[in-house]
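Put together the whole structure using the sequences plus the hints.
Sequence lines, in order, name chains D and C.
Each residue of the first sequence is one higher than the one before, counting from 1 in the UniProt record's numbering.
Each residue of the second sequence is one higher than the one before, counting from 1 in the UniProt record's numbering.
Hints may contain errors.
Since the list can't tell identical chains apart, any single copy or any two copies may satisfy a pair.
Each computed DSSO-like pair below joins lysine-lysine, with the alpha-carbon atoms no more than 27 Å apart [stated by the list, open to error]:
1) Lys-42 - Lys-55
2) Lys-100 - Lys-42
3) Lys-100 - Lys-151
4) Lys-272 - Lys-151
5) Lys-151 - Lys-17
6) Lys-151 - Lys-55
7) Lys-17 - Lys-186
These aren't lab readings, by the way, just hints derived from the structure by calculation.
Now for the letters of each chain:
2 protein chains.
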Amino acid sequence: MTHSPVLLHSFQSQPPKHHSGQGAILEWIAAAHAQAEITLQKPTTDEAREAITRKYRKLVMRFGCSTDRIRSRNSALDDFTHTDWDRMRIFRLKEYPSGKPCGERSRFFREVSGLAFDQFYAEEADPPPVLIHVTCTGYVSPSGAQRLVAKRDWGQSTEVIHAYHMGCYASLPAIRMAAGFVERGKARVDIVHTELCTLHMDPTQHLPEQLVVQTLFADGVIRYSASRMGEGPPVANGLELIATREEIVPNTEDAMSWMVSDFGMLMTLSRKVPDHIRAGLGAFLDRLAATAGLTTAQLCEAALFAIHPGGPRIIDEIAEHLGLRPEQIQASNAILGDFGNMSSATLPHVWKAILEDGAVQPGTLIVSLAFGPGLTISGALLRKSA
Amino acid sequence: MTHSPVLLHSFQSQPPKHHSGQGAILEWIAAAHAQAEITLQKPTTDEAREAITRKYRKLVMRFGCSTDRIRSRNSALDDFTHTDWDRMRIFRLKEYPSGKPCGERSRFFREVSGLAFDQFYAEEADPPPVLIHVTCTGYVSPSGAQRLVAKRDWGQSTEVIHAYHMGCYASLPAIRMAAGFVERGKARVDIVHTELCTLHMDPTQHLPEQLVVQTLFADGVIRYSASRMGEGPPVANGLELIATREEIVPNTEDAMSWMVSDFGMLMTLSRKVPDHIRAGLGAFLDRLAATAGLTTAQLCEAALFAIHPGGPRIIDEIAEHLGLRPEQIQASNAILGDFGNMSSATLPHVWKAILEDGAVQPGTLIVSLAFGPGLTISGALLRKSA
Numbered sequence: 001m002t003h004s005p006v007l008l009h010s011f012q013s014q015p016p017k018h019h020s021g022q023g024a025i026l027e028w029i030a031a032a033h034a035q036a037e038i039t040l041q042k043p044t045t046d047e048a049r050e051a052i053t054r055k056y057r058k059l060v061m062r063f064g065c066s067t068d069r070i071r072s073r074n075s076a077l078d079d080f081t082h083t084d085w086d087r088m089r090i091f092r093l094k095e096y097p098s099g100k101p102c103g104e105r106s107r108f109f110r111e112v113s114g115l116a117f118d119q120f121y122a123e124e125a126d127p128p129p130v131l132i133h134v135t136c137t138g139y140v141s142p143s144g145a146q147r148l149v150a151k152r153d154w155g156q157s158t159e160v161i162h163a164y165h166m167g168c169y170a171s172l173p174a175i176r177m178a179a180g181f182v183e184r185g186k187a188r189v190d191i192v193h194t195e196l197c198t199l200h201m202d203p204t205q206h207l208p209e210q211l212v213v214q215t216l217f218a219d220g221v222i223r224y225s226a227s228r229m230g231e232g233p234p235v236a237n238g239l240e241l242i243a244t245r246e247e248i249v250p251n252t253e254d255a256m257s258w259m260v261s262d263f264g265m266l267m268t269l270s271r272k273v274p275d276h277i278r279a280g281l282g283a284f285l286d287r288l289a290a291t292a293g294l295t296t297a298q299l300c301e302a303a304l305f306a307i308h309p310g311g312p313r314i315i316d317e318i319a320e321h322l323g324l325r326p327e328q329i330q331a332s333n334a335i336l337g338d339f340g341n342m343s344s345a346t347l348p349h350v351w352k353a354i355l356e357d358g359a360v361q362p363g364t365l366i367v368s369l370a371f372g373p374g375l376t377i378s379g380a381l382l383r384k385s386a
Numbered sequence: 001m002t003h004s005p006v007l008l009h010s011f012q013s014q015p016p017k018h019h020s021g022q023g024a025i026l027e028w029i030a031a032a033h034a035q036a037e038i039t040l041q042k043p044t045t046d047e048a049r050e051a052i053t054r055k056y057r058k059l060v061m062r063f064g065c066s067t068d069r070i071r072s073r074n075s076a077l078d079d080f081t082h083t084d085w086d087r088m089r090i091f092r093l094k095e096y097p098s099g100k101p102c103g104e105r106s107r108f109f110r111e112v113s114g115l116a117f118d119q120f121y122a123e124e125a126d127p128p129p130v131l132i133h134v135t136c137t138g139y140v141s142p143s144g145a146q147r148l149v150a151k152r153d154w155g156q157s158t159e160v161i162h163a164y165h166m167g168c169y170a171s172l173p174a175i176r177m178a179a180g181f182v183e184r185g186k187a188r189v190d191i192v193h194t195e196l197c198t199l200h201m202d203p204t205q206h207l208p209e210q211l212v213v214q215t216l217f218a219d220g221v222i223r224y225s226a227s228r229m230g231e232g233p234p235v236a237n238g239l240e241l242i243a244t245r246e247e248i249v250p251n252t253e254d255a256m257s258w259m260v261s262d263f264g265m266l267m268t269l270s271r272k273v274p275d276h277i278r279a280g281l282g283a284f285l286d287r288l289a290a291t292a293g294l295t296t297a298q299l300c301e302a303a304l305f306a307i308h309p310g311g312p313r314i315i316d317e318i319a320e321h322l323g324l325r326p327e328q329i330q331a332s333n334a335i336l337g338d339f340g341n342m343s344s345a346t347l348p349h350v351w352k353a354i355l356e357d358g359a360v361q362p363g364t365l366i367v368s369l370a371f372g373p374g375l376t377i378s379g380a381l382l383r384k385s386a
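This is the structure:
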């Protein structure tokens, strides 16, 4: 491969409207599951209603991600701040036990995603030559990216690309695309993730895997830029892209799925996902390391690991499997704890944290790993610039 | 820009299961609109039922795309071959006047899209280093592309990219991405379009713009490859990528939209779209031509025009506007006539027709134009290789 060095830089995150403690979120989700079943079963006595409420609270507290792993999460949706089901935008559970169908969720996504682009670029005079919009939680065209470009009359300067429906690992194909556009002469590629995962909850889905998903995922919005090192306006610091690699693990088609369904988007998640990842990871890392002339042992000794928290325990399991030290996964754990799994926006939050951490020395290598349907293992090797 | 020459080649199309004359399709659509209203209105007399049937037949025949512009279209869905609404997979209109909600449409897309990948690669031993799946009509992960790679154990050789939800012009961002990946050292990038537009009809949508959409769009499935000219296995002939350009027309956000809605995906389309395209096209072509050191006048004199048929009259209107001769738009008209608007799969069908037409001399320039939400005008300048 003949990469020129590409730098990822100028990270800015935008906290979605509501920041809530995980304990409060778990209570809300328990109440939503109970209300969904009350709407479906129409119990006629207080006892029956209370039994339903107790049952689903117990289930959510048992299988949901606990507060020792995730302290807080963000959501753009006002619905999560109260349990007055008649005042909900999506979770009007007395009429729609699953929440509203896809159209209203798309309209909400359009509003919030549009605002995110407006805010990110409010102070910015220079149009990016390429603007990549990454999401797997809302499909509306014109997108926030396209509407920004139309509004600001950047249409002749900015090409918009949608990198949609690649799931949690999508920052990695996005930076591969960005590197290709830089290679073809574009001076700067901006990447914006708007992930509104909480929008797709369906409280009639009570399976343990669904309770994990519902209590793990959160909203996240972040932007960053890719450009050739040393070109354009000086960049204070960034992450140099050294190598990328993406693989699909054989015979894992059924391990995980993500599709547009009747009431928003629906995920399925097998309990075997962590096993599949562990089984494939060593050889994957060997090949990723080799493209940079390194070995997995060298990376495990010296690199930081930016690991997408596909499940609540995946960071710990990988760290244990590879023999990593706590400081090597500190940023990944901190982002999971503060924000949960923000789908494709998660890894960029980890990159931002590493970049802004003064204790991380220039020259430090960063192994980035994320996972998604396929099963896909996607990775990149980055280096903190001087 | 520093492109190395990239060649598009090895086009293969795969006709969706059912090929129907436009006359028969118009009758089916008229019957579906009538049945949807009969389900909603519950008329109690034969007269009332017949009045509804007459009304919607008249509307569909008045506003639908007539048989003089579109002779036939393809669909993967058996539903369109009969009007026994109880036997439908999606259009079970006696229970669901809009057809079934999104989930069943996604499941059908998953099946058909999966089969398309299996068939395209059945005889192929060499995994493509990159496989770009393009669609705006079905969002299911693992995608057909990912499942193919998993099944064939190509996971270590093939990176899958989803280029989703960019609408009718998506072949152009796809080839820009492909060129970037080639530039970064990938020997071959395959691009597969699976567009099942007919899956998203909602026969309760009776507005004239919706009748145009419902009678214009069709299913289309096609693959092709991009690689550096002169590298890899010899290619009999192809289209050399000379220049690309994409612009968003200011203040046209509301002219066209495409989003996930309650009953499949919904398009809106303003009557002003052709005016916006005409207004922006001249200057757009000037800039596209200039990147190749040419002028619009030279292109209008010498090039063929591969024009996406965004509406039934757009090819003619552009030809008239630019003063093109009938042979310059012959392939575009032929594809529209035989297959309708297959969204992003359309332009690749036109490219294939031009490539296979022995009467088109090597060295012939091909201006490619397509349109979508934004409003986006996207273009490429290609040249038929020797």
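Which numbered hints fail: 3, 6 and 7
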